[in-house]
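Please model the entire structure based on the sequences and the hints provided.
Residue numbers for the sequence shown follow our numbering, beginning at 1 and rising by one.
If you are wondering where the hints come from, they were derived from the structure by calculation, not from laboratory data.
With a straight-line Cα cutoff of 20 Å, these simulated SDA-like cross-link-like pairs (lysine to any residue) come out:
| id | residue 1 | residue 2 |
| --- | --- | --- |
| 1 | Lys15 | Met58 |
| 2 | Lys15 | Ala38 |
| 3 | Lys19 | Asp29 |
| 4 | Lys19 | Glu35 |
| 5 | Lys19 | Ala62 |
| 6 | Lys19 | Gln8 |
| 7 | Lys19 | Ser36 |
| 8 | Lys19 | Asn31 |
| 9 | Lys15 | Ala62 |
| 10 | Lys19 | Val54 |
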Amino acid sequence: MTTEINYQTALEWLKNHYKGVPGIWEQFDQNTACESLADTAVDLNLTSYDDIPVLDLMCIMADSRM
Numbered sequence: 001m002t003t004e005i006n007y008q009t010a011l012e013w014l015k016n017h018y019k020g021v022p023g024i025w026e027q028f029d030q031n032t033a034c035e036s037l038a039d040t041a042v043d044l045n046l047t048s049y050d051d052i053p054v055l056d057l058m059c060i061m062a063d064s065r066m
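Structure representation (C-alpha cells):
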C-alpha cells in the first residue's frame, strides 16, 4: 500500500488496521494516534504505513492511550 502520508490517510489506515479490535477507540485517542503515525512515517521517510516498524506502532498506541 503506497499512499500519501497525512492525517486523513493515517486515520483510514488505523481504522482498517484495527477494525477487528472491539472498543479500540474507546481506550485510545484516535487524533493523537493519527498525528503520531503520520509524523513517524514522515520522520522515517516511509511511503506506506504498512512499513512502519512494529515497535514504533506500539509506542504510538501507548502514547495515545487515554
